Amino acid sequence: MRLLLVEDEPDIRSFLKCSLEEAGYQVDTAADGKTAEKLAAESVYDILIVDLGLPDQDGITLILKLRQFGVSAPVLILSARRSVDDRVRGLEQGGDDYLTKPFALAELLARLRNLLKRNSPSGNESTRLRVLDLELDLLRREASRSGQFLQLTAQEFVLLEYLCRNAGRVVTRSMILDKVWGMRIQPDTNVVDVHIYRLRGKVDGKGQQPLIRTLRGVGYVLKDR
Amino acid sequence: MSSKTAKPIVRSAAWRISLWATLAFAGGAMLVFVVLHRFVADDIQRRSDAWLSGEVEVLGDVAERTPKDAVYGRVVGEVAELAAKEVPNKQLTESSANDSVFFLQTGSGGSPELWVGTGNGGANLKAIEATRIVPGRPTDLKVEGFDIPFRVASLRIEDGSLIYLGLSERDELRVLRNLRLRFILLWLLLVLLGFGIVFFTTRRMLSHVRQITEAASRIGHSDLNARVPTTNRSDEVGHLALTLNHMLDRIESSMHQLHTITDSLAHDLRSPLTAIRGKLEMSLSAAAQLEQAEPIVSAIEELDRLNDFLTKSLDVAEAKADALRLIRSEIDLDELLRSMIDLYEPSMSEQGMQIGLRSAGPLTISADAALIHRMIANLFDNELKHLPAASTVTITLRTEDGSAALTLEDDGPGFDPEVSPHLFERRVKGKRSQGHGLGLAFIDAVARAHGGTATAYNRAAGGAHIALTLPLASQQHTKLAVPNTIATVSDR
Chain A
1 MRLLLVEDEP DIRSFLKCSL EEAGYQVDTA ADGKTAEKLA AESVYDILIV DLGLPDQDGI
61 TLILKLRQFG VSAPVLILSA RRSVDDRVRG LEQGGDDYLT KPFALAELLA RLRNLLKRNS
121 PSGNESTRLR VLDLELDLLR REASRSGQFL QLTAQEFVLL EYLCRNAGRV VTRSMILDKV
181 WGMRIQPDTN VVDVHIYRLR GKVDGKGQQP LIRTLRGVGY VLKDR
Chain B
226 MSSKTAKPIV RSAAWRISLW ATLAFAGGAM LVFVVLHRFV ADDIQRRSDA WLSGEVEVLG
286 DVAERTPKDA VYGRVVGEVA ELAAKEVPNK QLTESSANDS VFFLQTGSGG SPELWVGTGN
346 GGANLKAIEA TRIVPGRPTD LKVEGFDIPF RVASLRIEDG SLIYLGLSER DELRVLRNLR
406 LRFILLWLLL VLLGFGIVFF TTRRMLSHVR QITEAASRIG HSDLNARVPT TNRSDEVGHL
466 ALTLNHMLDR IESSMHQLHT ITDSLAHDLR SPLTAIRGKL EMSLSAAAQL EQAEPIVSAI
526 EELDRLNDFL TKSLDVAEAK ADALRLIRSE IDLDELLRSM IDLYEPSMSE QGMQIGLRSA
586 GPLTISADAA LIHRMIANLF DNELKHLPAA STVTITLRTE DGSAALTLED DGPGFDPEVS
646 PHLFERRVKG KRSQGHGLGL AFIDAVARAH GGTATAYNRA AGGAHIALTL PLASQQHTKL
706 AVPNTIATVS DR
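In order, the protein sequence lines correspond to chains A and B. Taking my numbering as reference, the numbering of the first sequence is continuous, increasing by one, and the terminal residue is 225. Taking my numbering as reference, the numbering of the second sequence is continuous, increasing by one, and the terminal residue is 717.
By construction, these hints were calculated from the structure, which means they are not laboratory data. One or more of the hints may lead you astray.
Below, a list of computed lysine-lysine pairs in the BS3-like style, where the Cα atoms sit at most 27 Å apart [stated by the list, open to error]: (1) LYS351/B x LYS310/B; (2) LYS504/B x LYS545/B; (3) LYS65/A x LYS34/A; (4) LYS179/A x LYS310/B; (5) LYS504/B x LYS17/A; (6) LYS293/B x LYS310/B.
A short, non-exhaustive set of chain B residues, derived as facing chain A with CB atoms under 10 Å [to be verified]: (7) GLU527; (8) ASP529; (9) LEU609; (10) PRO696.
Computed from a predicted structure; not experimentally measured. Just so you know, even glycine gets a beta-carbon here, dropped at the ideal spot from N, CA and C.
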């Protein structure tokens, strides 16, 4: 996976490069828009990380310019700004994602994987999801484990569906809040944990292998192995 | 602003101004006319009196010189008839009948001797006898059978008899009536024309003022780029627009300055925070043992709290300066509250708390979704953190005076009485509170940035009462209910 990281802060650039490489990405970095344009023209990237506050131009201007040049790779926008402006919203609707600084590394990686998956041409949108012995019928909104029907509320089903779609990958609390409840909030209470706890109570029955794992300080993962 | 233009014209300032201006003009013109009319009437009377006095003297002369024989009556009568034909201001009538002039000669005893005029002169004589007529001074005489009075001049001739010459005031009155009629017509025309001109000029002038008002009211908290329309004229209205625009320039520039400061503050703090957090996370993944990981995790948590505090502080600071930037979209509060309750309910019931919503259905406001979400999450977080077990939270949503009114009531211990008067101030918190004291200040800030209000007090029955009002999206009532895509996106 080739990744282009456009970030002007040397500190952030170096730690991001380091962690991204650790996560298996092949990372090129650019400290400003000019360099980024040059790099993007020279080689093809699978995904881009663009900081909005670049020294020579606005991050969004850069993204739009790259799009005009034919760069179609998804972009994860990093922003230290206080409000998300409409253009970022527009890009988000176009399939890109944004993350406000400071962020959890796990969140960044999770969002990157999400973007890559979204962009991959795996298009066979089936009406059933299967993770190990867990099965979800997306049309009838029903879930079962080892053939045993699970009594889920509508909201629990949506949450489980989201975990299944990201099976084997970490999802953070704010990702869950964003994608399941549609809210970009950071509650300083354990609201998400309680939902997961309840869901786990239904999904991981007695004597069964626990599927939903908690990664402390990071988020949750639905095991797929 | 269709509601403003639909206002009846009668209530507009232009209407009142033109009405008063026209009244003043009409009154003044009428006064001038009354004076003029008086002058003309006096002048006409003076002329006819002069004529009467002249004619009566001529007649007196003739009567004196003509011998009192059989022809006397005819000679004097003809002279009188002749005089009647020279009446001033006489209207040319078809009938040759002379009814505007009479001539009467009475003997020294008062008995009629000679009569020229309409009828037999009996009524005239009676009227003359009833009125004291001083020779040489023309007098008004009301004669029975005639609507219009006569002007009568008399003269005593040498043989002791009196001669009277009467002239009907009909022609004089007709001239005056014509004068009045023409004046009234012209006056009405002028008044209407004047009213029209004044009304349309003031309306044009004031419509410009109205445009300025409308534009100025549209320039809200977040939209300071707009300017009021200006004209090229250098009159008062033009100056008003220019002055307003200059003022807006200054406000915009200081607002811009504030934004630059808060933005760079946020940016300058967030970038190192991001780097620190990243490095901590890297060392966390490198830490093999749990004892090493523990302090790193708590450092990360502290960092996240610091970041939350930073964001809220800057939001509150901007909101206090009316400078919070809003990206508005339509939000269904009812839907939002339901999904928020859905999110918080498990945590609350875990603590034995109950939460209920009383709402009359969809209620759309135009607001910044991110801020409103955070504000409501803040309210719920507060309840969750501060309420004892088995408490009940009741949320009510309804429309009140064109606003969405959201109230949250609980039966917990309420606010600390010490801080109650300062609930919405920054950094105010009760002794038991764990937060950084920005919660309610933030809620207040968001509500006010949207043009709403926030109030909080302790209920008499115990527990806290927090009320928020947020203006409804425009045309809430007429607009068809279009489902919103903002509030709950459960499976995107």
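Taking the hints in turn, this is what the structure says about them:
no.: 1; hint: LYS351/B x LYS310/B; result: holds (25 Å)
no.: 2; hint: LYS504/B x LYS545/B; result: violated (35 Å)
no.: 3; hint: LYS65/A x LYS34/A; result: holds (11 Å)
no.: 4; hint: LYS179/A x LYS310/B; result: violated (112 Å)
no.: 5; hint: LYS504/B x LYS17/A; result: holds (12 Å)
no.: 6; hint: LYS293/B x LYS310/B; result: holds (25 Å)
no.: 7; hint: GLU527; result: violated (12 Å)
no.: 8; hint: ASP529; result: holds (8 Å)
no.: 9; hint: LEU609; result: holds (5 Å)
no.: 10; hint: PRO696; result: violated (20 Å)
In summary, the numbered hints that this structure violates are 2, 4, 7 and 10.
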